[in-house]
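Enquirer: Chain by chain, the residues:
4 protein chains.
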Amino acid sequence: MLSIAVIGAGRIGRIHARNVAEHPGATLAGITDPHAPSAEALAAATGSKVISLDEAFSIADAVLIGSPTTTHADYIERAAKAGKAVFCEKPIDLSAARVRECLATVAAAGTTLMVGFNRRFDANFGHLKARLDAGDIGSLELLVITSRDPGPPPVSYIQTSGGLFRDMMIHDLDLARFILGEEPVELYAAASVLVDPAIGEAGDVDTAMVTLKTASGKLCQINNSRRATYGYDQRVEAHGSKGQLRAGNQTATTVELANAGGFTSEPALPFFLERYAAAYKAELNTFIEAVAAGRAPTPSGDDGLKALVLADAATESAKTGKAIRLV
Amino acid sequence: MLSIAVIGAGRIGRIHARNVAEHPGATLAGITDPHAPSAEALAAATGSKVISLDEAFSIADAVLIGSPTTTHADYIERAAKAGKAVFCEKPIDLSAARVRECLATVAAAGTTLMVGFNRRFDANFGHLKARLDAGDIGSLELLVITSRDPGPPPVSYIQTSGGLFRDMMIHDLDLARFILGEEPVELYAAASVLVDPAIGEAGDVDTAMVTLKTASGKLCQINNSRRATYGYDQRVEAHGSKGQLRAGNQTATTVELANAGGFTSEPALPFFLERYAAAYKAELNTFIEAVAAGRAPTPSGDDGLKALVLADAATESAKTGKAIRLV
Amino acid sequence: MLSIAVIGAGRIGRIHARNVAEHPGATLAGITDPHAPSAEALAAATGSKVISLDEAFSIADAVLIGSPTTTHADYIERAAKAGKAVFCEKPIDLSAARVRECLATVAAAGTTLMVGFNRRFDANFGHLKARLDAGDIGSLELLVITSRDPGPPPVSYIQTSGGLFRDMMIHDLDLARFILGEEPVELYAAASVLVDPAIGEAGDVDTAMVTLKTASGKLCQINNSRRATYGYDQRVEAHGSKGQLRAGNQTATTVELANAGGFTSEPALPFFLERYAAAYKAELNTFIEAVAAGRAPTPSGDDGLKALVLADAATESAKTGKAIRLV
Amino acid sequence: MLSIAVIGAGRIGRIHARNVAEHPGATLAGITDPHAPSAEALAAATGSKVISLDEAFSIADAVLIGSPTTTHADYIERAAKAGKAVFCEKPIDLSAARVRECLATVAAAGTTLMVGFNRRFDANFGHLKARLDAGDIGSLELLVITSRDPGPPPVSYIQTSGGLFRDMMIHDLDLARFILGEEPVELYAAASVLVDPAIGEAGDVDTAMVTLKTASGKLCQINNSRRATYGYDQRVEAHGSKGQLRAGNQTATTVELANAGGFTSEPALPFFLERYAAAYKAELNTFIEAVAAGRAPTPSGDDGLKALVLADAATESAKTGKAIRLV
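Residue numbers (this note's numbering), protein chains in the order written: chain P, 2 to 328; chain S, 2 to 328; chain H, 2 to 328; chain X, 2 to 328.
Think of the hints as simulated: they come from the structure by calculation, not from any bench.
Quick caveat, the model's predicted, so the values are computed rather than measured.
Honestly, I wouldn't trust all of these hints.
The list makes no distinction among identical chains, and a pair is therefore deemed to hold if it is satisfied within one copy or across any two copies.
Said to hold, decoys possible - With a straight-line cut-off of 16 Å between C-alpha atoms, the simulated EDC-like cross-links for lysine to aspartate or glutamate are: (1) K243 with D197; (2) K323 with E187; (3) K91 with D304; (4) K82 with D62.
Bound-form chain P, shown alone (with noise of 0.2 Å):
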C-alpha cells in the first residue's frame, strides 16, 4: 500500500484524489489547498482529511501534485528532498531553465519522478502505440495528431498558461515523441489568433499547426485549435510502410439517427475530463505500481523537459516565421 498526499483540490486535483483513494494498491493520506473549503470539501468526498503543505511532504510515501503550475517545480524539489516519490501534472514549470534545474535536484536527491501526460495512458493511443511497436504497419513514416479543444479557456488563464504550445500542444508534443520513437530534429510552428481577438491581445494564439522531422526521416504533423463544435478531437493517425494505423475519438453511444439529412452518429465526448477518465486511472496505477516495484516511470521528468524545449521551439517559430533546428 502506497500512501499518497494530494497538493490541489481544483479540477485536477480532484481527479487525482479520487482514483488514488478508489485504487486498491493505495491510500490517500491527505489533501492540502490553500483554498481551506476546496480542500474539505474533496477530503469529505474520498473519506480523506485535510492536511497542511508541510504535513504532505512528511505524512506519505509519495506526494501527487495538482496545484498551479508556479508551484510545481518548488514542491517537487521539496517533495524529493523528502524522500518522496513524485507525481507531477505537466508541466514541470513554463522555464526550461527551471525544468532542469529541478530534476537535477531530483536526480540529486535519487527520487521517482513521473510527469502527467495522461494521453499516452488512453486506450485509443496505448493500443495503437502497442500495435505500431508490434510492427502492424512496419515502419512508421509519417505521423498525424489532431488536437482540439471544444472551446478556449479565459483569457485570464491564457495570461498565465504559458501560451498554446506550453499549455496544450505541450500534450501532443509528448505524444508525438511517445509514437515516434525517436527525438525530432527540425520543427517548423505556423499559428493565428481565428477564435478570439482577445487571446491574440493577451499575447497568444488560438489555432496552431507544427511539423516535426526526426534525423531518421520521420514526419509529424500536429494540428490545435482551441475550438471544435463536435467535441474534444483528439485523434492519432500513424502511416508506415506496412499499411496504416489511426485511434480516434469516442462518443458516449453509439446511437445513429438517419432521416433525410443523412446519418448522424454522436459528437466525441465533451472534454478531457470524459475522454481521459480512464487514462487518469491508468496512469495513476502505472505510478502506483512503479513507485511500488522500484522502477522509474515514464513519464519522466525527462520526458517534461523535452517536450517544453519543444513547445519553446514551436512558440519562437510561430513568432518568426522560421523553421528551427533542435540539437
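With chain P held as given, fit chains S, H and X onto it using these hints.
Expert: Showing chains S, H and X alone in chain P's frame:
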C-alpha cells in the same frame, strides 16, 4: 453483335434501351411502345428507331421486355415462338399458373429467357455472395435482408401491382434464394398498413416482415417498408459459422459534416435508378454474353416462378396469420 | 443507505455484490452461497462478510438474488414475506404458473420486486429508447433486434436452462416489449440446430428468429445465434415514420488498421460482462433509488412474467411450426 | 458540338479521348501521337481517326493536350496562336518562367486555356467545397489534405518529373488553393526518402509534409507519401468556426467482413484511374460547356502557374530547411 429490340419506353424501358445502345456487344434494333411520343423520344435519345410491336418479334436476335406486367407472359411466348432470346423484367406474370404455362412454351421453343432481378447484379450484393461462396464466413446460418423504398407508389399503381409481396418483396425473395443457395421450406409473413391508410383500402399492406427457413435449417428474415426518410435502404447481412458479411447502402459522396449535432454522413442514394444504375448494366451484360456464348443466363424463368411462389405464400401467410409449409 | 444481502456468489452474484459494495447509497450486508469458498472469496473481495441463507432474509433492507434459477421464486417469496425489497436475476422461474404464484405472494406482501433485465440499462439501448420516446423518428414501425452470443454455454447448462427462448432470447423479448411500448399479439418462431448437434440432442436449438406483431401493427424481428466469431453482437434498429435509430456494438478501442486487406476496426466487446458492465451498475442504481424513494422499479415482476410468456410461445411456435395468437 | 483534337495516346490521353468520344456535346476530331500504334489503337477504340500533329492544331475547335510535360507549353502556344481553345494536362511546364511566357502568349491570342487539376472535379471534394462555400462550417480555419499514392513510379519517370512537389503535390497545392479560397503567404516543407533509396539517389524525395498559411491566418497541412498499402489515399478535412467537413476515400463496394480479427471494410480504390474516373468526365464537361458558352473555365492557366510557384517554393524549403515567405 447481338441485335436487341426493346418493348416499352417507360421508366424501365428507358434504362434498358440506353444500356443496350451503349453496350459494345449489342445493337439497339428499335423501340416499340403504344405511346408513340415515348417511343419516339427514346429512339431519338438512343440513336435508334421506332418499330411496331410485330417488328419487335422479327427484326432482332433478342427481345427485351420492359412493358407493363400484364403483357409480359404474352410477349415472352411470342418471342419464344419466333425463336428469339428474351430478357423480361420481373415478374413474368402475377399468376403462378400463367407463369408455368409461359415457361412451358419457352421450354418447348428451346429459347433463352432471363428475368430481370437486378439486385443479383449489384456490386455490393454480388461481392457478398462471392465471398460467401468463397467460404469467407464458413456456412451460412442467418440472413437478414432490409429493403425499404423511399416512399410508396401511387395507390393506382398498387391496385394492379399484385400487392407488396409480389411487387416489392419479390426482389428480396429472389435475393434470399440467390444468397441462401437453397430453397425455403417454411415461410411466415406478418404485415401492416402503417404508411398510408389508402394502401390498406386498396387491399394491400405497406410494411412487412417475412421469415424463411430452408431444409438444412438456414434462417432468413426480410423486412420491407414503403417509406424510408433516409433514402432507398437496401442492405444484406449474412451470418455464418466463421463470420459475418454485410453489404450496405451507397451514398452520393463520402462527405461528412461534424458539429454539435454529431457526425453526419449522407443519406442513402435516393432510389433504384441511382442505386442500381450499374446493376442494370451488369445484368444486361450477363444476358448479352450468355446469348452470345449459347449459355442459359440466370436468373432464369424458373427463378422468376420460384420467387413468385414465395410471394404468393407470403401474401397468404400475412392474410391468414398462419405459417406456410412449402412443398 | 440501503443495506442489501446478496444470495449467490457465482459469476452474476460477483458482479452485483461488487456493484453494491461500490454504490454510495448502499451497503453490502453480507453474502451467502452454499459453496462456502465462493462466498468467502467474494466477501473478502468486497470487504463484506459471509452470512447464512436465513440471515439473508433478515439482516438487510433488501435481498439481491443471483442464485440458480430454480431457487428464484422460493427466495423471492421468502424475502417478500419478510418484508424485504427484492432484486432478482431473470428469470423468476421457468414455469409461468409458478411465476404467477410468486407474483401473487409479492403482491400480497406489498413489497418491491425488480427483475434483472440488464439490457434496458445499456446506455446505447437506453439512449435509443429515449430518442424514440422524444419523437426523433416519429412513430415506430419496424424493430430489428440482433443478439448473438460469442459461443454456446456447456450442454450441461443448456439442459436445465429452459431452452434458448427462455434462457437467451427472453432478454430480447423484454427489450422488444420495452422499445415497442406495446404488447405483441402475434408471434412466430423458427429455429435450428446449426452450431452444435449436441445442443439438438439436449432438446434445444442454437439459432433462432422470432417475429412479433403488436395490436397497432408494429412489427419486430429478433435473430439469435449461439455463436458469433466477432464478439458479443447486440444491436437494435428501430425504423419509424420519420427516420431510423440504430444502437450498435461497442469496441475496446477506436483503433483501426488499414492495409491491403482493407480497413479493420475492432471486434465487438467479448461478452456480457464487458458489454453490460455499466448496465449492471445502472440497473442496481435504479433499484436502490426506487426503494429509497418508495417507487416501484421496472422491469417489474410482471415484466418478467410477460417476457416468459413470450418465450414460452416462441418455444411452442418453433416446435410446431405454427404462428401463435397471443391473447 | 465542340470538335476536339487529342494530342497524346498514352494513359492520360486515352482517358480524355474516350471521354470526348462519349460526351454528347463534343466530337473527337482525331488523335495524334508520335508512337503510331498507340494513336491507331486509341482511334480504333474511340471510333476516331489518326491525325498529324499539324492537323491537331487546325482541324478542330479545341485541342486537348495529354502528351509529355516537356511539350505542353509549346503545344499550348501553337494552339493559342491558331485560335484554338486548349485543355492541357498539368503542369504547363516545370519552369515558372516558361509558364509565364506561355500564359502571355495565350493572353495575347485571347484564347481559352484550362489546366487539368482533376481533383477539383471529384464529387467528394467538390461537395465539400460547395458546403464550405454555403457556410456549413462557418469560416475555414484549418485544412488537412492527405494524398498518398499506392506505390512510387519508376525512377526513370521520377528523374524527369520535376520532383515530388512539382509532380505529385502540385495537385494538393492546387486543391489547397481551391478550398482555402485565398493565397498562401507562408510555406514550409519537410521531406524524406523513406520508401526507396533509389528515389533519393535520383535527387527526389518520397515522403513529404507542407504547411501553408494565408494572409488571414488560415492554416493548411498537406501530407504525401509515395506508398500506401491500402489503396490510393485521397482525403480532405476542413475545420471551421462552426464545424468540420471531411471527404474520405471511396471503395469498390460497401461489403464488410466481421470475424475474430474485427470488422473489415474494403481498401480505398486502387489509383487515380479508378478514384477520379468520374472527375475526368466532369472536368472535360466543364471545359466543353465553358467553351460553348464563351466563359473562361477554371482551373485556369494562372491556377497552373500559382500551383507551380508553390511547388517550387516547397522544393526549395525542403532542401534548405527554411520556411519561405511568398510575396
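Enquirer: Going through the earlier hints one by one, which of them does the structure break, listed in rising order?
Expert: none
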